[in-house]
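**Q** Residue-level listing of the chains:
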Amino acid sequence: MPEAVFHTEKLVKTYRTGGAEVHALAGVDLDLYASELTVLLGPSGSGKSTLLNILGGLDHATSGKVMFRDLDLTVQSDRALTRFRRDHVGFVFQFYNLVPSLTARENVQMVTDIAPNPMRAEEALERVGMSDRIDHFPAELSGGQQQRVAIARAIAKRPEVLLCDEPTGALDSSTGVQVLEAIREINEDLGTTAIVITHNAAIQAMAHRVVRFQDGNIASVATNDTRIAPSEIVW
Amino acid sequence: MHALDKKLLRDFRRLWGQSLAIALVLACGVMILLTAFGMYRALDDTLAAFYERNEFADVWAMTEKAPRPLLSEISALPGVQTAEARVQEYLMLDLPGRVKSATGLALSLPDTGALPTLNVPLLRAGRLPDPQASDEVMVNEPFAEANGFEIGDTFEALMSGQKRRLTITGTALSPEFVYAIGPGTLMPDDESFGILWMPQAMLASAFDMSGAFNSVTLSLSRGAQEDQVIEALDTLLEPYGGTGAHGRDEQASNAFVTTEIKQLKNMATILPPVFFGISAFLVNMVIGRIIALERAEIGLLKALGYTDLHIAAHYVLLAGLTAVLGVVIGWVTGGLSARWMAGEYAQYFKFPYLIFNVSYDAYAISGFLALLTAAVGALRSAMGAAALPPAVAMSPPAPPRFKRSLLDRALSALRLSQPSMMIWRSLFRWPLRAAFSAIGLSLAVAIMISVGFFSYSINSIADIAFNQSNREDIVLLFTKERSLSALEDVRALPGVMEVEGELFTPVTLRNGPLEKQLSITTRGAGATLARSINETGRVVEIDGPGLLITTRVAEVLRLAPGDPVEVEFMSGRRETYTLTVAGVTEQFFGLGAFMTREAMSHLTRSAPQISVANVTLDPKEDDAFNRAIKDTPLISGAVRVTDMKASFDATVEENISIMNGLFSVVAILITVGLTYNSARIQLSERARELASLRILGFSNWEVSYILIGEIMLIAVLAQPLGWLIGYGLGHLMAASFASDLYTIPMVLPPAAYATASVVVLGTALASVLLVRQRIDRLDLVSVMKTRE
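Listed in order, the protein sequences are those of chains A and B. So the first sequence is residues 73 to 307, counted in the working numbering. So the second sequence is residues 39 to 826, counted in the working numbering.
Pulled out of the complex, with its shape left as it was, chain A reads as follows:
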């Protein structure tokens, strides 16, 4: 068994909205392994995004424990979490979140400017097949192209983990496939641990493991013996 990159124990997250308490995570125990591509599946509100945010150091857990290797994320200060994100984590969001006033290259440079051991922005964009659109602004790119730039931005720092929240959620099937292709390549070529959230069940076939969420808890964990290439996925 490869070593665990993330390890959670009885992880709980509750939100208080108005007078009511909502349990977004209700005691999650999970291990995620190095170089693994994991898909988190589940309906809206099942807790997968909350988990991803906590794993990525974007949010604090209410109780329980999250370990990133030997680092206990639950006891880290905001400053330390910032450091953690900067050094180890790449994010890809459903709505790309590119800075509209920066070109594709500059969006990637935002990361390479502050990361300790980045690849060149051009190289990152080449990996996602965006070399020919390097000086375009987000408004001049299609949704799939924007998402590929977002992935290039996420991998440019050579992160240990790549966290993707609904990366194809806003895309049609064919551009979605290009994006998934890019994620798979990063995972295989660089050995980056990838965690992909989706509520599109078709995507699970490309994963090493599939974790299903229901009501803030893990419903099931399945290992794919045979994975298929993204190009074979249709939805």
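Read the hints as simulated data drawn from the structure, not as lab findings. Any given hint might turn out to be false.
If you want the footprint, here are the derived chain A segments under chain B, 3+ residues with CB under 8 Å [stated by the list, open to error]:
| # | segment |
| --- | --- |
| 1 | 126-138 |
| 2 | 167-176 |
| 3 | 274-284 |
A quick note: this is a predicted structure, and the numbers were derived from the prediction, not measured. The beta carbon of each residue, even a glycine, is placed where N, CA and C say it ideally should be.
Please arrange chain B on chain A, whose structure you already have, making use of the hints.
**A** Chain B in isolation, oriented as in the chain A frame:
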């Protein structure tokens, strides 16, 4: 360049309209600070240099006639460094090609042929008169220029009843006459008032002053006590008709110039903070909104590993760029306007040169203040942005919580349309923002009112001074005090219709430790030409033996009608009496006190005397009258009230319209800064809402109404507050301008308020309409699709 820095520059470029609006307000603060400071510095430095290089005296004293040997006693007084005696006389002048008479102040030059040691005239052209000559004169440069005199030109002067033709040998400027004001006038008039430097021998023989002097000037040694020197000098001069020595503070030219400098200094400290305050609010409002719009980007930056400091700095820098733009505009315009204004002042005041040192500290201070203002304005929002947890930042903000309140029930009861309801609700949901906008706009109104009142005040001053108090056409100045029979000589001059006499007597008024030197004006009972007017515009008659004083004297000496006041006469028998304050009268120029001729005569146990004659003229006989007085030995000068009013109007009106124009621009910039930014922010906050209304079938203008309505509602609500602040600020300005030279009454008719409101509301409307155009261009589909 880092990617974040590129974002900064591009954001700045995208926001140029809003940034510029803020930058201009900041630039106003910087510019006014630089201009006022630069002018103040330039005047102060120039004055100091001129005084030092040309040995401006410290103490002045006049006597009727003192023997020359007394000078060595004066020189020996402790604290006196240099003492210089001279002969000083007012002369009636007859200038070639000029029908009206002019007045000259003749000052004697030393017999040695050298320049005086104190108040040294700076030779501008030609040479000094020959000490032995009996027809040579050096005049002050402005007088020569105003009358088109060249070296070698001649004019006539009436000296002790004898007309003498004088040849101009040179022109000069003197530290004593930087602001050269003739006897009995309010403003400098270089055409009709000149300074004449003449050889001692010539002047002394004409006025029976051989071996004597009637004017003495002193410079003091370091550490000398001025008041002790003045007291000792007064004691020495008393037997010779000394009228009381005074220091630089009461030297007319110096008093005017230093008052002006003081006002510039006040302006440099009072006004800029207003602009910086408004800018800070604007920056806060705009950066706050940008941050609200960029929540997701902030979340992203945090997700990417940027620190709180990075993010806060990013937005503070965005404000910083705006500040830099404002500072640059302010520095350039302020630097230019300081230099230009200083040049104007140097001409207005007669300086031989202008010392304009660039005050680097003023640049540094104004730049620092502007940057600080922007930083303070941005910091709170930026810190707030940095403090957002990234996961929260990336999710859309919760919709503002509108709750039903008592107010809503009241609004519902009014049965307002839905758009009107939206306007009111939004106002009450963000009361702080609305309040700050209103305060900013009210300051724009207030600034206009606080300056606008000057023109009304000046009109009122001119009306009281020239139409009500001084209704004579001409004031004739006698060479010395005369008996009432002199009035008959004046009445005999061609064209004279009415004649009244007045006597000016120098005195010191005392109330306990408070004292003031001034002249008591003595008039015949029931005088109709020169009269005293009270604050309600009524004529004040003096009843009995009391003393009527002006409001400024009443304030300074803390006197009220019925109070006793000690009066020490500075001429004649120099007796001291205690009189009763009979009443208070309004007078905006100088200090004044009034008595009836009967009371004065009774008090001094002497026959009534007069020193001036007030005359009304038949306009047809004007030329004949002017020719006649030039040959009348008993007259040393003539002051034309109508000319004075004209020159007063011209000088003051010009200054005031420049100032009104400047402050209107300032008020407009503030209004644009506030309303344009508010409208842009409203539009961006409400784009979805407004687009929804458009989709529901509201017309462009119905939707625009919501945008225009809220901002104009705030603007209208700001008006009463603006009027109130303007009234207060105006009082403050009037008070800061008040001096012994003049006071400015607070006259604020409704028109002053209306003008300010019309300008501000009009500007606000124009600014909102500019933003409103964007509603026409709203892309309904894309607005609705954009993620909140």
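**Q** If a hint holds in the structure, say so; if it doesn't, say that too.
**A** Against the structure, the hints come out as follows:
1. 126-138: The restraint on the segment 126-138 of chain A holds, since 4 of its residues have a Cβ under 8 Å from chain B and three suffice.
2. 167-176: Three-residue rule met by the segment 167-176 of chain A, so holds; n is 5.
3. 274-284: violated (count 0)
Of the numbered hints listed earlier, the single one contradicted by the structure is hint 3.
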